[in-house]
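Student: Here is how the chains run, residue by residue.
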Amino acid sequence: MAAERVLSRTQLVIRQQERQRFMFGVQVIVWWIIILALLFFAFSGIRFSLGPITIKTIALDTEFMKTWAPFISRGVPQTIYISIVSIIFASILALLSALARLSGIPPLVALAGFYVSLIRGTPLLLQIFFFFLALPQIGIRLSGPVAGITALSLNYGAYMSEIFRAGIESVGKGQREAAIALGMTHGQMMRRIVVPQALRLVIPPSGNEFIAMLKDSALVATTGFVQETFWRAQKVGRANFRGLEALAIAAVWYWLMTIMFTTLQARLEQRMARGDR
Amino acid sequence: MKILQVENLHKSFGHLEVLKGIDMEVMQGEVVTIIGRSGSGKSTLLRCINFLEQPTHGKVMVDGLSVIVERHKLSRDQKQSIHEIRLRTGMVFQEFNLFPHLSVIENLIEAPVIVKRMKKKEAIGIAEMYLDKVGMSAKRNEFPNRLSGGQKQRVAIARALTMQPKVMLFDEPTSALDPELIGEVLEVMRQLADDGMTMLVVSHEMSFAHDVSHRVVFMEEGIIAEEGPPEQLLDDPKNPKTRMFLQRIIGEKQEE
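Residue numbers (this note's numbering), protein chains in the order written: chain A, 46 to 322; chain B, 11 to 266.
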């Protein structure tokens, strides 16, 4: 009897804690709604007076937005396309440079170190301009998208090489020893045992890099004639002196893409976590 | 016929000399258990035989293939011989080291297919035979993380056997297991011994040393302090150090 009562008291406490946690979550959601409502209100264009004070909210040119939203929105697939192509090349570069760094072969270690250091030591925007503006001087002409994708791939490859290196290093010594004891060469061990396990560990953080890339891909617009979201937005914004409206549309798109891919990435992470150990 | 031989084997890690000149021979079909306290060099000895650790100097011979190490840098021929030795030895680790991204059957056929370039079908045939031998056929398609420690170790033994080695090296195969899971692994090892496999076992399992092995080797501070048939070495050790070591184990057992 006594034990039962103690147990039910514990349960009460647990229930109370759960309730508090739930209420906290509800409050956060309510505040999100309030903030979003305020944001909409601020851009609603409504004008009203409270006694002597006149409140003026920001008025958006809805006619302009209706006309140009489809044009700007067509940049979204382009943004995703640039990001996907760049993240694929970046992953390959990252894997190669991580393997080179861990190879124990002096020229390869130096080359990978040089690559990572140089790229991480210079601005991404400079790198994009370099491929677009500097290379033609020595006879290499790259189109805007190609220059942009090259720069993004090289840049993200350098940053992701650390992720890949950590992934490869985190595959335990025992795995390597088992492979070697079974007669595998170093190359077979890396290809068949270490890299496949490392890739699983690397996928979630690479997802984060991809999401960052979605936004950094806007920098490619600076080369002109890359028909991605930001380029379209600033082009029509400037032409019609409607920068506020145009950029707001682009911002919403970037935000939505980020939310969507973050959700996807979180799910992926959950699934990966279930698979192993 | 001697199938494994170690001659004047030395191994140092920096200034620490772990093996101070080991001489040992193992006959075909013989089961030898190496005992000794941790740090006595018994695992290092095992790992020098298949060159997971490179000996500082000394000779290792397995199944007629020998490698004499005199300096750190190895020649192409030596590397080739080491590869051949690894193909002739199977190793079982304390921590199992199954490949977590591969199913049980894939774990078994990986090396035969990749290293020996065996046809997949043929490899599967051999793998299934050994899976059956260790009683793990039912878990053929499971992934390692779904297995208990004892099951993992049995799969690891089958994986080593699928390479059809001449000698099996066991590096404390039951030390990472919960006590209730030790029995099933020892049983598999006993069967393997009965089948005539040559086995070199580093273990603290005195029952295995006593009942299964033909010879017991006691190592102390990087040398072989004493060796002999299990009855003699375990029941009537000549070397006072062996006696002390065994006394301590008995003491621990009584405390439990």
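These are calculated hints, taken from the structure and not from any lab test.
Please note: incorrect hints may appear among the correct ones.
The list that follows gives simulated cross-link-like pairs (lysine-lysine, BS3-like), each with its CA atoms no further than 25 angstroms apart [said to hold, decoys possible]:
#, chain 1, residue 1, chain 2, residue 2
1, B, Lys176, B, Lys131
2, B, Lys176, B, Lys89
3, A, Lys218, B, Lys89
4, B, Lys130, B, Lys143
5, A, Lys218, B, Lys131
6, B, Lys69, B, Lys129
7, B, Lys69, B, Lys83
8, B, Lys149, B, Lys130
9, A, Lys218, B, Lys248
Computed, partial: chain A to chain B, Cβ under 10 angstroms [what the hints assert, rightly or not]:
#, residue
10, Arg186
11, Ser215
12, Gly219
13, Ala226
14, Pro241
Restraint-style ranges between C-beta atoms, simulated for each label pair [stated by the list, open to error]:
#, chain 1, residue 1, chain 2, residue 2, range
15, A, Leu57, B, Phe23, 58 to 66 angstroms
16, A, Thr167, B, Asp188, 52 to 60 angstroms
17, A, Thr167, B, His82, 23 to 31 angstroms
18, B, Gly145, A, Arg245, 23 to 31 angstroms
19, B, Ala148, A, Pro152, 25 to 33 angstroms
20, A, Arg236, B, Pro189, 37 to 45 angstroms
21, B, Asp188, A, Ile133, 44 to 52 angstroms
22, B, Ser158, A, Leu244, 40 to 48 angstroms
23, A, Ala211, B, Gly145, 32 to 40 angstroms
24, A, Thr167, B, Arg47, 54 to 62 angstroms
25, B, Ser147, A, Arg165, 20 to 28 angstroms
26, A, Arg236, B, His67, 45 to 53 angstroms
Here a beta-carbon is modelled for each residue, glycine too, at the ideal position from N, C-alpha and C.
Student: Does each hint hold? Answer for all of them.
Tutor: Cross-check of the supplied hints:
no., hint, in the structure
1, B:Lys176 x B:Lys131, "holds (23 angstroms)"
2, B:Lys176 x B:Lys89, "holds (19 angstroms)"
3, A:Lys218 x B:Lys89, "holds (21 angstroms)"
4, B:Lys130 x B:Lys143, "holds (20 angstroms)"
5, A:Lys218 x B:Lys131, "violated (30 angstroms)"
6, B:Lys69 x B:Lys129, "violated (34 angstroms)"
7, B:Lys69 x B:Lys83, "holds (15 angstroms)"
8, B:Lys149 x B:Lys130, "holds (19 angstroms)"
9, A:Lys218 x B:Lys248, "violated (39 angstroms)"
10, Arg186, "violated (44 angstroms)"
11, Ser215, "violated (12 angstroms)"
12, Gly219, "holds (4 angstroms)"
13, Ala226, "holds (4 angstroms)"
14, Pro241, "holds (5 angstroms)"
15, A:Leu57 x B:Phe23: 58 to 66 angstroms, "holds (59 angstroms)"
16, A:Thr167 x B:Asp188: 52 to 60 angstroms, "holds (55 angstroms)"
17, A:Thr167 x B:His82: 23 to 31 angstroms, "violated (41 angstroms)"
18, B:Gly145 x A:Arg245: 23 to 31 angstroms, "holds (30 angstroms)"
19, B:Ala148 x A:Pro152: 25 to 33 angstroms, "violated (51 angstroms)"
20, A:Arg236 x B:Pro189: 37 to 45 angstroms, "holds (39 angstroms)"
21, B:Asp188 x A:Ile133: 44 to 52 angstroms, "holds (45 angstroms)"
22, B:Ser158 x A:Leu244: 40 to 48 angstroms, "violated (28 angstroms)"
23, A:Ala211 x B:Gly145: 32 to 40 angstroms, "holds (39 angstroms)"
24, A:Thr167 x B:Arg47: 54 to 62 angstroms, "holds (57 angstroms)"
25, B:Ser147 x A:Arg165: 20 to 28 angstroms, "violated (52 angstroms)"
26, A:Arg236 x B:His67: 45 to 53 angstroms, "violated (33 angstroms)"
Checked against the numbered hints given earlier, this structure breaks hints 5, 6, 9, 10, 11, 17, 19, 22, 25 and 26; the rest are met.
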